[in-house]
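Q: Here are the chains, one letter per residue:
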Amino acid sequence: MTVNMTKGQAINLQKSDGGTLTAVRMGLGWQAAPRRGLFGSRTREIDLDASAVLFADKQPVDVVFFRHLVSDDGSVKHTGDNLVGGAGSGGDDEAILVDLQRVPVHIDQIVFTVNSFTGQTFQEVQNAFCRIVDETNGQELARYTLDGGGQYTAQIMAKVHRAGTGWRMTALGNPANGRTFQDLMPSILPHL
Amino acid sequence: MTAELVRGQNHTLPQTRLEIRVSAGSPVVAGATLGDENGVVRGAEWIAHPGSPQLPGLEVSQQAAAGHRLAVDLEALPETVHRVTVLLALPVGVGGPTRFGTTAAPFVAVTGLDGTEIATFTLTGLDAESAVSALELYRRQGAWKVRAVGQGYAAGLAEMLADQGLAGAAELAASIQEAVARSLARSVAPPPPRTPEGDRVRQASGPSDPGPAPAVPPQPPAASPVQPTAEPGTASAPTPGGPINYAHPRRQHAAPPTPPPTAPPAQPGQAAQPVAGDATGWSMDERLYNQIWGMFEDLARAAAAYRSAVDFAESRMDQELDRSLSDPRNRIGGAGDRAREEARAKRDELTARAREVLDRDLAQLAAEAAVVEPALPAAYAGWDNPVWHAHRIPMELPMALRLGDLHLPERTGLRIPLLVRLPLERGIWVDSGRTASEAAALLDSDRLRRLAMETAVLHAARLLAVYPPGEFSVHVIDPAGSAAGPLAPLVDACVLAGPPAAGPQGVASVLAHLTRRVDLVQMAVRAGAADSLPPDLDTGEQLLVVNDFPHGFDDRAVTQLRYLADEGPAVGVHLLMVADREDASAYGPVLDPLWRSLLRITPVADNHLADPWVGHAWTYEPPVTPPGSRVLEQVLAAVTAARRAAGR
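Top to bottom, those sequences are chains F and L.
Quick note on numbering: this note's numbering labels position 91 of the first sequence as 91, and the sequence is numbered without any gaps.
Quick note on numbering: this note's numbering labels position 110 of the second sequence as 110, and the sequence is numbered without any gaps.
Same shape as in the complex, but just chain L (with noise of 0.2 Å):
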């Protein structure tokens, strides 16, 4: 029989070997807390978090999730514990809700091993609260009861420990909040879901081509040369109070699409040829992005093996040549040696097999490379493709965008596109320190910093070439104006939103101008009033790029900054830092966040980023022009021409 707690009420335990099943509306962080006697946490070895997960008797899950099991053995306890608190906490930083008021409530249940529910608990009436302690599993005359307590606390996570009479109550909840986030922000994150039409849907962030009065219906410009089919977008503006309209906004007819290109059957007892576009999709863009995850999936996983294979030769090898070292008979005459050659050949043998298929899945992979790459479209390709070179500024908004090529050690030259979805899900952190990687630490300093600019620069007009004229706009702010060499080709072609803005006042006018944006918008779009914005609004995406951060950052502009990378790409407000963690370490770790919610790439070749299904460290080359070559300055003066023909 099934006790259902209220606020308060307790319920003796029938059994000391438990689970407690947590389900939450949103990811969440559970964690445990040990108490004495007295209900005093005696340390931080007293916590059970998912950067410190066990604990005698007690298990928790490593990451935020919607459910959880925490296993819990109270005879393993150690006597001196006389109480354990299940805690719920949000995780903060990944971009989820902050406060239990807006989520579903939280639902906790004791069980049996066998998942017979003892007693359960719904954690209602959450308001402000982004941590709550929700059970306490205490002793009470030898035997074991449950309450259910569901006290939150508005400040989470630390303000919970310390009322728990924890001393360094904040310095561990962030260091909770770290490990959540950690395995999150170290990681590429992968593709999401397909969907049929959930693909390419732009979010709600303003309509895209707004018509500022209703009475004046926008008009397509007349005299385009480039949009000969172009529909005005009012199909994709939201219509308040109205059905919603779930067609593809710019998708003029639902037929199936044309059959992608398949590989023709393969000759026996060879791999099939491989065909650019051989995935499943609506476009080829689309089956070009599916096939280029796919061979990077099936890269880290080929690599996967063959690292395996070769650990697991190795540490046969080694377990052997300790038992031949081991054995007495082999220190008289040559029979410990025939047995270590015997250990070294066996490695080598299954080492060789190993390498034998990884060679054959590499070629496999190099050669359907070698076809992808040249059948690239803009977005996608590298900058030495012919394809920029005949660029036209598009009327639709690409899938996605190459931020640069991953390689693995086991083949340099096997370089696997990465690409993120449009519009960007994550800001930009272009890393300029010394010490972010090797490669970088030969480097001097102001050689780096300037290599960063570039190639923040290069992601910029890549972004500026991909998307509709007049859709994406450019802010800089520079503000000792160091940047200048490297922003040169932007501001010669006038394609950024206003001069790359110096000095304190600059960086505030720039943020102040950004973050309104982001407010009324965000407002227009709660409201479902999207054409109740002032008509001087751009609403089309908007990126700033910020160098030398944090200088001429005074607090309200760094604080105008982290908004900005909370909440605009929401509403089509991106950032593009190209930074130093250690300009910023003044500010201690309130900027951690900052750093984690943004994608960090390098200037230099760096092997800093994990795939998401093995986690291996791939090297991240950034993007470079072919040398001499001029194709940046004819891409951004196509933007400008565009620019000029659709009327902006």
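One chain only, chain F, in its complex shape (with noise of 0.2 Å):
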């Protein structure tokens, strides 16, 4: 059963069977420009990108992104850039995978953003959602719609802490402008 999530409410990632999860993916999907005209070329393309940072006791350890897309303890992994989007038919464009296994001890956030590398603003983006998979059965536990979301070119998406021995995720759904995670930050702090 799929949880549309909404601001700021958090769910446990356990299994319904009571087992805690061990592997989840951020996927994130959008719909790709129309091809304008004869010269398919000249499309403004749209290319939203996902990030993962790793947070230790506030400080920002590891991020993952377009440009380093495994951490270095090999606990989160991206799958690749996607620079113009799919069909728009609800697949993943691109994913993030986190082994919550293999994550260092010491890492106790890690946070999902969304952005908009070209600019376009939510707006303008057809189709567009992220979700949180378990990964080991591929079910889906959370998503969220991210098209006409307001001029922003920027999402804090949600945030995977450490309760006890297990893993909760927050929804945390919070619109920002930005191109890459840098300019995100001073948006995410105040999450964590």
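What the hints contain is simulated information worked out from the structure, not anything from laboratory work.
Computed from a prediction, not measured in an experiment: that's the story for all the values here.
Be a bit skeptical, because a hint or two may be false.
[Stated by the list, open to error] Sample of chain F residues with no beta-carbon within 12 Å of chain L, all distances over it, derived:
hint : residue
1    : L38
2    : D62
3    : A87
4    : R102
5    : T153
[As the list claims (entries may be wrong)] Computed footprint of chain L on chain F, listed as stretches where at least three residues anywhere in the stretch have a Cβ under 8 Å from a Cβ of chain L:
hint : stretch
6    : 49 to 61
7    : 104 to 118
8    : 179 to 191
[Said to hold, decoys possible] Pairwise CB distance ranges (calculated):
hint : chain 1 : residue 1 : chain 2 : residue 2 : range
9    : F       : T165      : L       : V624      : 23 to 33 Å
10   : L       : R323      : F       : Q182      : 41 to 51 Å
11   : F       : T43       : L       : A345      : 39 to 49 Å
12   : L       : R139      : F       : T43       : 40 to 50 Å
13   : F       : T43       : L       : R360      : 43 to 53 Å
14   : L       : R556      : F       : V84       : 48 to 58 Å
Glycine residues also receive a C-beta, built at the ideal position from the N, C-alpha and C atoms.
Both chains are given apart, each in its own frame, so use the hints to dock them into the complex.
A: Laid out in structure tokens, this is it:
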């Protein structure tokens, strides 16, 4: 069952049978810009980027984004940069995989962000969403719709943080402006 | 509306925060120079380049790449700057193209921050140039404009910088190229991407089994006991003008490989039992290779997680200690001591948990290494592995070769084999310098040189033992005859192409011979006329072992050696240098590209190799034969016997 999350909502990352999650995927999908006229190469492509920032006690320790696809410890992996988007039919165009069991002991929060690298606001992007999936069985845990989201070029999506021995996810859904995760750092910090 | 500029045309810029995108057919270095109102670059601090990528208002990439995005904020530039020149240069000494004429025309675009293009320019018509100033952004009556320049320089960056009035242009250009090459030279190359048919297909180094005249088809030796199924290697010979044969030259059939062994399902609560060959691949050889690279990466990342946690624990404790010291309430009573105790306890607790995770990972990798190591084929195995005692010279080239072991200080007993792909893509430099490492500094110079040569002999012997008979020749240059001792096993077994060359005449004749070979094979490959090579030419792979460089080398010989280092690997001529860089210091920086192009290893353990993922400093352990063992002599005897049997 998919939870359509609302801002600030927190869910435990636990399986329905009570076992804890071991791997999650943050998926991001959007529809490619329509081809413009005869010269398709002049289409104003839409490039959204998914990033994950790893924090230890509110200090950024590592970042996974299109220039650094695997965190140094190997626990967080980006599957690769998509520069144009997809069919808009609900498939992930970019994904970040987190192996929760391999996350280093001092990392207590992982924040996921989405930015528009080419500068279009989410209002101009069709069929954009991001979601969190249990990677072991493909079950969708949470989903956000991004399009029609107003004059913003970025969103601080969600954070996954340690709670007791397991992990918890909090939906943040905070709009922001910026081109890459660096621009978003001031907006991320209040959410830690 | 995008302005498509032609050379010399200019265009007004509507905004001052810009991005300049560069795309080129091969990796290029991108940089920018600032000029004053007379167009003069006032000093090295007015240049943004990979070695110094940031200036106020300007940032360039730190490495060579086929695509760049340069950020420019014209408002943030100093008032005295009236001109920003964007320049591109081909990196030197990394094996790429050396002139823009052989690459696709570079394209530059000035865009706004939202990616909309303001002006674009395609740099066509370049030929022998290796550096080019692409665009100029300049002030004109208070506004900024862009002009398409496209001025190329055949003598490269140095000439371009000198043209802009910079004193010391040559030194700076060299330091830029150095910065670009440094990251490349200091890292172990990542494993090449895996493609099912791309693996192990040998590069066109000439036909591997040439028929001297087309009328005489090459015959497999009739009475060859170790070659029961060998086919004549005609399939691997490039057929000039004919259709390209995409089939693997030696693979007989394309049936799917036998499935790899997989680990049995783990008992609940326990890690799975490791199995040798538990990785993807078309053969056991390839699976083990992939498994070892997987272990290498896992160990690098496990250590990165541990080190990051420990660093964090230390820095948090330092902060807490500082805070407790500056808190006036802590100056009386035991409050301060308690706070400090607590800070230390927190550090210890986190470090202990990180260590626990690391120990779990290390134990798993150690268990895997314990099953993988005995299962390795000779090319991957240590000299103490029993597989060497029953070694037969193979009919197929293995995928990779073990150069030694790597380990990290977290657990020095956990050794990862350092495997490099065959045919060698890079030459090897066994550093016999005493200043090269701590362990080397403890040995006297003669002992170290002897050790270095012994290590080189082990590498050469291993290469001889894993190449099919007759497909690998070793030439030795030993100008002063100082390495007769270490070379004795190779000389006694008669596996060298000739006696070690001594004196300047020897050096010159070996180099001339190999230079001619590189030259001829290159011409033949370019012309697609592999069958027109002279019949006396040995088209097998060649290894040149050079001891005591630059003793016995004149300028001409040094130039020939550099030519072999640059052009040789692509046509099957490889270098194994045993040298102390200090000995060649008289040549100055002209030899730097040579040293950088070689993979540097040491005759004693030394922590200088970086992994391609995280960049830890790994300790390299050179190969050694077990004390008292005759394995080297036995293996070389097997090489001689196999050659005789193959009729070479």
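Q: Can we trust that F:D62 is non-interface, i.e. its beta-carbon lies farther than 12 Å from all of chain L?
A: It is violated; F:D62 is separated from chain L by about 7 Å at its closest Cβ, not greater than 12 Å.
Q: Evaluate the given range 39 to 49 Å for the C-beta pair formed by F:T43 and L:A345.
A: 59 Å, violated
Q: Are there at least three residues in the stretch 49 to 61 of chain F whose beta carbon sits under 8 Å from a beta carbon of chain L?
A: holds (count 4)
Q: Range first: 48 to 58 Å. Now tell me if the beta carbons of L:R556 and F:V84 are that far apart.
A: Holds - the Cβ-Cβ distance for L:R556 and F:V84, about 55 Å, lies within 48 to 58 Å.
Q: Between the stretch 104 to 118 of chain F and chain L, are there enough contacts, at least three residues with CB-CB distance under 8 Å, for the coverage claim to hold?
A: With 5 residues in contact (Cβ-Cβ under 8 Å with chain L), the coverage given for the stretch 104 to 118 of chain F holds.
Q: Could you check the hint for me, namely that F:T165 and L:V624 are 23 to 33 Å apart, CB to CB?
A: Hint violated: Cβ distance 47 Å, outside 23 to 33 Å.
Q: Confirm or reject: F:T153 is not an interface residue toward chain L, with every Cβ-Cβ distance exceeding 12 Å.
A: The claim breaks: F:T153 does not keep its Cβ more than 12 Å from every Cβ of chain L (closest is about 9 Å).
Q: Assuming the hint says 41 to 51 Å, is it satisfied by the Cβ distance from L:R323 to F:Q182 or not?
A: 28 Å, violated
Q: Hint says 43 to 53 Å; check whether the CB-CB distance for F:T43 and L:R360 agrees.
A: 50 Å, holds
Q: Should the label of F:R102 as a non-interface residue stand, given a Cβ cut-off of 12 Å to chain L?
A: Its Cβ does come within 12 Å of chain L, the nearest being 7 Å, so this is violated.
Q: Would you say the stretch 179 to 191 of chain F counts as covered by chain L, given the rule of at least 3 residues with C-beta under 8 Å?
A: violated (count 1)
Q: Taking C-beta pairs only, is F:A87 more than 12 Å away from all of chain L?
A: 22 Å, holds
In this structure, the hints that do not hold are numbers 2, 4, 5, 8, 9, 10, 11 and 12, in rising order.
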